[in-house]
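Novice: Residues per chain are reported as follows:
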Amino acid sequence: MLKTKQEDLIRYKDGNLYCELADIWIDPNKPVKKALITHAHFDHFTFGCEEYISTKETAILLKERVGDNIKIKTFEYGEEFKINGINISFHPSGHILGSCQIRFIFAEEKWLISGDFKLQKDETCKQYEIVKTDYLISECTFGLPIFKWDETNKIANDISKWISNSPEKTSLLFCYSLGKAQRLLNEIRQTNFKGNIYSHDSIYKMNNCYKELGIDIKDTLKIENKKKIDELKGSLILLPPSLSKGSYLKNFKNIQTAFASGWMSIRALRKRSGYDKGFAISDHADWDGILEVIKKSEAKNVFFHHGDSEALSKYLVEKESINVLLFGK
Amino acid sequence: MSLKKFSELFGDLDSINSTNNKIEVLKRYFLLNEPIDNSWAIYLLTGKSKKRFISGRYLKNLFSQIYEYPQWLIDTCYLKVGDSAEVITLLLKNKTKSRNKKLSNISLNELLSKTIPKLSILDEEEKNLQIKNIWETLPEDYHLIFNKILTGTFRVGVSIGLITKSISKLINIDEEIISHRLMGNFEPSIDSYEFLINKNINLQELNSKPFPFLLANNIEDKIFKNSINNFQFEWKYDGIRMQLIKRLGNVSLWTRGQELVNESFPELVEKISHIKDDFVLDGELLVWNFKEQIAFDFSLLQKRINRKSPTRSIQIKYPIIFIAYDILEINGRDIREIKLENRRIELEKYFSKWQNKTENNISDIFKICDLIFPKDWPDALTYKENSRENNTEGLIIKKKTSIYSSGRKKGIWWKYKVDPMQLDAVLIYAKGGSGRRAGLYTDYSFALWKDQELIKFASAYSGLTNIEIKELDKWIRKNTIEKFGPVRLLKPEMVFEISFEKIQVSKRHKSGIAVRFPRITKWRKDKRINDADCLENAYKLMKKKS
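Residue numbers (my numbering), protein chains in the order written: chain A, -9 to 319; chain B, 2 to 547.
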């Protein structure tokens, strides 16, 4: 049965995850005193907090993205630290470089915030670590069984084929600048595609960060100005999705476009997106992935945030007899 | 040639936006594959296959049974995906563990001419088992095509025009000829493909086929600058556009949707067969009010369209007429290349001959369209504005010098339609869309006031921009009062201008009225729900019409 528990260690407050006992917020979308940051994507971070706490990698990525002007304390994966008597630790979540799950232990009860996570192979970040818990707060971005990811190398080969099948064109692949772009670069390097790869500045910066953090990313060319148009034939250009609409595309001639995102597994969304092609590759877990994490965490109680969790909740209650709770919002 | 090639073609066409590239891909496919597979490909891609072997619901139930998935979960997925065949394809992923993909090399021909038709003769249990078996032995990449063929939902954004162009380029023959060859029935076979790509043009072979229809464009302001004498004016009837063909003594009635409908209108076929000449006429079929000499409403025609072999009493209750606009062929001579004004002379000449010579009186079922002669453009506007009085939708304006080419050819024929009727109505229900609009609330129901109550009067799906759809979708999710399955009851707050073409009494609806072609023409953010129209205003529109 779905029920609401009131005295939760971690609860929803003003649309954010909050631990009252430690007076600490997790990925808050407004300025607070103390914020735990699971990873460096902008929808998990906001300016103006007095203090941030994150993994070492996340701190470096954040500073690259927003500048050195933030006060940020870092901890290693697995290292325990205490706030107001609560033991807190970070564990790899496999989403992007530096991403973590956050575990809280208090009064012999374990709470785990999954953060954004995936189980699929990704050599550009640490593999998801199974962490046992009593309470699990999980993301649910792709919480329907229609989402089942193909092996990463299959997608990479599809991308390679897509480029080589149109040698006279410039292939623009849109993807998130941080995480997805680097994962794609790493995978595409292992395919037959040996042409030039260019990165938009926002991606180029993140590539350098990854390299500094010891991740072996393929070198890409910076896409700087328009004069090279003719040299771009047959090459791959990585661009952030924000540039897909508007005048930026006029910088290129004879292009084909694609978007790399889990949503692209659905034909209607693919058609509506306006890209020529979609590659269904995601840094979030698919349906089976979410189920696996829930089962292996041995959590007795599960909460969801991020995404539409109605179907997944009902399924867990009906088919797996797992207790799904709703946040008192 | 295996299904693999067709599956790749499907994937390519689905991810190419440029028309020229689509044509190239099609050409390459036709070149590299067997005639029989090409024939099936054309059959599928042009939507000539109308057959549905099982329903989407059946497919979903079957999957639910076999793989023990709760029905509600599949339905939830459907809301996101919008196509049963695709939902099941996505759900089937990694489900079929069998390593033995013995159908890997099955050809399109074998699948369509043997495997799938065989399903229809099995009893339910055997059929289910066989579908499961196919799922397990067919490589995953082909599941979508298989499921789509099963459920008869094969659409890929490839028009007949595109196929026509590809074949025309492939063999270097005029598009018009290919288009003509593709008209009407198309039974997939080696012969039908060979016929299509035959470099020798033999009109005899086209005997049973209608000509490609010439269509009118929306009115353009520039035509008002021309002298009115350059144009022929006709009423725009709201019936079924048709070609009436009599060749070698055989009569065939072809709709613009390329369906042969002889069986629905036997009295017309019978009368026409007594005429001595052979011909092809372009015209409109209507249910006719002979007393007042105007068309009855389209709803009466609907009573005839889908009824094969209508009884004598149905024929009397809903009397039909064929109104000829144009003559395209006479006694084997194709006259589409002569000017419209001269074709009109031929049409009048032959019609009066037939009226005088034919033993049975034909004018109780067949006439030629009356022409209208406005003295100037303002006069034409007056005719148009009054067109509802004789139950027409406005005027058709044709250049007197136009030849009968095909398609929506620019600059020769125009439709000058009467402005739609409009009411401001309140959005009260929303339902998830399907196909391309899956996952968004895009099917809306609108209501009008009756005393203090909002009464549903129309549903509409079209008219909003993609940006408006997204905005409204967001609003709908936040302002739902209650959910009934896929339908949401909404807080009455949003007002829309709804346009429609016709309004009539209907006992089936609580509002007591039914409207034709309702669509959204404006999101009236400036109006509050109390500003919306009341049902009384709808009744007034109805009275004004009659």
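Since the hints were made in silico from the structure, they are not lab data.
Hints should not be assumed to be uniformly reliable.
To be verified - Simulated crosslink set (DSSO-like; lysine-lysine; CA at most 27 Å straight-line):
#1 K223/B with K354/B
#2 K102/B with K5/B
#3 K28/B with K243/A
#4 K400/B with K285/A
#5 K151/A with K63/A
#6 K5/B with K151/A
#7 K96/B with K144/A
#8 K261/A with K318/B
#9 K432/B with K376/B
#10 K6/B with K151/A
#11 K133/B with K138/A
#12 K5/B with K261/A
#13 K247/B with K133/B
#14 K400/B with K223/A
#15 K354/B with K247/B
Here the structure is a predicted model, which is why all the values come from computation and not from measurement.
Novice: Look at each hint and say if it fits the structure.
Specialist: Now for the hints, and whether the structure bears them out:
1. Straight-line distance between C-alpha atoms of K223/B and K354/B comes to about 39 Å, which puts the hinted pair past the 27 Å bound.
2. Restraint check for K102/B and K5/B: the C-alpha separation of about 13 Å stays at or below 27 Å, so the hint holds.
3. As the CA atoms of K28/B and K243/A are separated by approximately 25 Å, the hinted pair is consistent with the 27 Å bound.
4. Taking the CA atoms of K400/B and K285/A, the gap is about 73 Å. The hint is violated against a cut of 27 Å.
5. At roughly 44 Å between alpha-carbon atoms, K151/A and K63/A are farther apart than 27 Å, so this suggested pair is violated.
6. This hinted pair checks out: K5/B and K151/A have alpha carbons roughly 16 Å apart, not beyond 27 Å.
7. Of the supplied pair hints, the one linking K96/B and K144/A holds, its CA atoms being roughly 18 Å apart against a limit of 27 Å.
8. Between K261/A and K318/B the alpha-carbon distance is near 47 Å, which puts this suggested pair outside the 27 Å criterion.
9. A distance of roughly 49 Å separates the Cα atoms of K432/B and K376/B; the hinted pair therefore is violated under the 27 Å criterion.
10. Between K6/B and K151/A the CA atoms are separated by roughly 16 Å; this keeps the pair inside 27 Å, and the hint holds.
11. Between K133/B and K138/A, the direct Cα distance comes to roughly 20 Å. Compliance with the 27 Å bound is thereby established for this hinted pair.
12. Distance hint between K5/B and K261/A is fulfilled; the C-alpha atoms sit about 23 Å from each other, no more than 27 Å.
13. Taking the CA atoms of K247/B and K133/B, the gap is near 49 Å; set against the 27 Å cutoff, the hint is violated.
14. The hinted pair formed by K400/B and K223/A fails the criterion: a straight-line CA distance of about 48 Å is larger than 27 Å.
15. This hinted pair checks out: K354/B and K247/B have alpha carbons roughly 16 Å apart, not beyond 27 Å.
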